[in-house]
Amino acid sequence: MSTTASPARTGTTVVGVLGPVAVDSSGTETSSPDTLVAVPGVRARRLLVALVLAGGRARSTERLIGDVWGDLPPKAPSAALQTQISRLRPLLGSASIEGLGNGYRLTGCRTDLEIVADLIEAGDAESLRTAARWWRGAPGEDLGGDTDDLAGELSTRARRLDEELDRRRISLAIATGDHATAVELAEKRCDADPLDETAHVDLMRALAGSGRIPDALAVFARLRRALSEQLGVDPGPQAVALNAELLQKDSVPTPATPRRGRVAGLIADSTELIGRDDDIATVLGLLERHRVVTVQGPGGVGKTRVANRVGYRVADTGPQVYYVPLAPVRDADDVVPAIAAALGVGETDLGGSGRPRLAVGDLADRLVDAIRGRDTLIILDNCEQVVDRCAQVVADLLAVEPRVRILVTSRSPLLLAAERIYLLPVLDAGVTGPAVALFEARARAIRPDAYLPRETIAELCRHLDGLPLAIELAAARVRTMTVEEIGRRLAERFALLRGSDRSAPDRHRTLYAVIDWSWELLDDDARSALRRLCRFPAGFTARAAGIVVGYRGFRLDDTLEALVNQSLLTVAENGGRVRYRMLETVREFGEDKLSGGSPSGTDESRDVDAAMRTWSIEFATLAMDHYDSGVDGQLMTLLDAEVDNLVWILRRAVTGMEQGARDDLVDTVVQVFPVLTGFWMARGLNAEVFSWGARVLPSLPVPPRDVPPGLRRSWQATVVASMAHQMMHRDLRLLATGRYYLRRLHRPDPVYRVPAELISACVLSRHPLAAIRYIVRGTQAADEEVRTAALSIRMNLRENFGHLEGALQDGLAMRERAMTSDDTWMAAMVHVSIGSVYGQQAQWHKAIEYYRTGLRRLAEHGAREDEMQTRCYLVANLVAAGQLDGSAELLAEAEAELAVIADGWTPADPDPQGSPEVTASMMVSTAELEMTRGNDELAAGLYRRAAAVLKREAPARGARPGCGDAGRGDGRRADAGRSYRLRTRVPAVARRRGRRDLRRAGLAGCPAGRNHVAGLRLRSVRRRRDAVHGCPIAGHGPADAGPPGLLDVLRDHARYGRPVWTVG
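So the sequence shown is numbered by UniProt numbering: it starts at 1 and just counts up by one.
Hints are not guaranteed to be accurate.
As the list claims (entries may be wrong) - Quick list of simulated restraints, FRET-style, between CB atoms:
#1 PRO704 <-> ASP388: 57 to 63 Å
#2 ASP234 <-> ASP278: 26 to 32 Å
#3 LEU423 <-> ALA264: 45 to 51 Å
#4 ARG372 <-> THR480: 34 to 40 Å
#5 THR482 <-> PRO704: 36 to 42 Å
#6 THR482 <-> ASN102: 25 to 31 Å
#7 GLY373 <-> GLY430: 47 to 53 Å
Keep in mind the hints are simulated off the structure, nothing from the lab. Heads up, the beta-carbon is just placed ideally off N, CA and C, and yes, glycines get one too.
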């Protein structure tokens, strides 16, 4: 296999079992461990592992039942197995589970076992490195508590593969002279199995190759003793021959690399260093190109351990390495003596008689003499408290000896021209990331039988910022607590995260001490800034910092730089702007200092709250101005960066108002809430608007009548946004409060010049016709914003009442407006709305085109919920168009889209969680697809379930649940035409709602069955609907004609023998 090619072939599903069981069904050329998606459900994972271990051969039904359920099979095991297989199939993409006789086999996929085997076979360095990355955790750990033989079989396969990989990597490392890597790998194998003779021979060769012949001979002696004591045998001929060869000095091979350099002071690892291989390799690379490298990062991130590991790796290549711990040094005058002591240079020397004598010359000069002419690496660990003196010493050493290199660990940089800084990152807290692996390793060492759910651990590690020390301190609590209990106690993290490791330095015994060490090194401005800026959960800009700390300019720049230099702030660019962020642990430390331990806070704490409100009002004003010109990507990026900060301030203000405080809290709420509402609606997070509106509106006081115009607009936007979602839940008290507030705020004169006044006028109208009159006049207004708002409302009204041609006309007009402005959000929603209208007109190909465009724009905005619901509509239209055209391509696209929406859910599962609108749409789309497969009964059940979800959970108790229920039928061909419910419920819904939308109400009956008589009976429905109102349906001519396109749909229904839905 080529080392440059992906190990997964294009179009092939990849199944991963070298860690949590996962699948990549994308079929792309970029399949990798990172693209694998975890398989939900223990039984599904066990079934998939069993099929993988069969290696493409059939595995009997009986054995699969045993693999999945062990000794406790279900009452109907064969049926239960078939159910599990049906649930698993949608996750596998192009792979398939085939039934063969009395068994099943897995085909059409590649497993990571096969991929790794091929990479090992390739044998080059890049292939072996790629193979190592496919290990994502301990194989078999996610197969449940009673994993028995299945997990054992998987573990054995994986262990053999791992051993073969190590052997190949060791052989390659020895062949290329990388003896340090060979020693490391061989030692790991020897530790895992003290009787593994091959591993010991590899270790002997690696040690001999690096010039460490005595160490190699000691390995042989250890192997011989272990074999004799445990098995009563001697080492094999290969080990004996190598030992004899090494005993003959003239037969020792010339080392391929220099002999190991002298090591002084380095600390050997007492536990495995997890997740730092790439960092170590990067630092080694920097040291090859730069003479001074500073590993910088916050306390507890692992700088010391990384530096020590780098020191050992450098020593293996020949240079002498000196480790200088500077944490105990607090006085600048003690820096040189500390370095001299580590290098063996003292104030006195020994004379010829062995007696001490006074050394001649300054100690600094003698230090320089000690390294002159030598290839040396000096590691200065923990320099931050004496960083200025360290910088001077480093500069002096660099000036006198070109072969000396300096590796520094510090929370702040040296700020030398020769310095190259490496910011040591925190650990990745993903489910398969090193943070979780570190927690697991430390927790298992303390309590091996602890239950360690990876998802919960990952969430815990995220709250701990991926900081290794914090993770290890939390893992130590597993001795007496569960992972869930530890997570719940994180609010008291400084009391919780105290270590009991007696070998740890005092500054690492508690998480509080780690940060306090840096706090003591700050000046007064930096300490004040740390206290005052700790309440920004999402980070902050320099402008926001200036408002909260109370000053700007160079003084602010210096203060922020001081915090960055002590690794108490991180710096990142977002949307072309620099943002600063505190780790969560640092924020809590700052909060402790700010509140002074008082529950009610301090004067400074209240001052900080006021300053943050000032910032939020300034930001909200700028955001609202941007809203006026359109919701585009720039605005969404700006809001996305600040939304958590704004929510924190809003929550604080609303809580204060609920407790009776007012002050400037009201102005904050009415200006911040509309900004957040616009963001949430653009992201499809309507539940946030509803839940916050229910809190905001009751907390507001009665608005004064003389509100300034700018603030009046914010008041109106706040009240309308709160009311809009309460209308769906029929909260009459809140609605009455909102109308009263709007009546005090409303000014009739500018109703066609200010969108907020137009909407207020509609809400305050006593009759729907009066509101519609405002809307119609608004569509002709001179003000473009008013005109756009009116068109949007009228389009929705026309669509909801079945006037689809008018709705389409308004939608196309809005599309023209959106395309000539920067409002990409309006463009997205208009395309979706137009697609909806076309779908209801049975113009499915046009609907598909608009839905696709809308989806792209929704994805750009991150509107996940709206995107998923639009995908549901797209699926239904793809099914309809594919069924009409006989297009397998469109039906295949529908299946692919549905797989994205369902995310592993199948009709056999309980109702999915989430937005009722989205979940019901997903079930209806699934039903549409099942109808094309002839699964009428399954489809009918899905329609019933979708209707039940909407009735139970949807905010709007309107016609849609009724129509869904009316059209559910029982799915059987023979009963469809005789369905009493079909003949009575649909007209009843239409009559009750007074709607003109025959397409939506009438065709709701189509899913009841495949007999064309069911569709043709809709004509009687139409006539009955006309009789109720005494006018042609939708104003489209005689009753026999019906709306354009309807009879065509009915003919298609009869022609294809199954419903061809019009879906919006």
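To see whether the hints hold, each was checked on the structure:
{"no.": "1", "hint": "PRO704 <-> ASP388: 57 to 63 Å", "in the structure": "holds, 58 Å"}
{"no.": "2", "hint": "ASP234 <-> ASP278: 26 to 32 Å", "in the structure": "violated, 42 Å"}
{"no.": "3", "hint": "LEU423 <-> ALA264: 45 to 51 Å", "in the structure": "violated, 28 Å"}
{"no.": "4", "hint": "ARG372 <-> THR480: 34 to 40 Å", "in the structure": "violated, 56 Å"}
{"no.": "5", "hint": "THR482 <-> PRO704: 36 to 42 Å", "in the structure": "violated, 54 Å"}
{"no.": "6", "hint": "THR482 <-> ASN102: 25 to 31 Å", "in the structure": "violated, 43 Å"}
{"no.": "7", "hint": "GLY373 <-> GLY430: 47 to 53 Å", "in the structure": "holds, 48 Å"}
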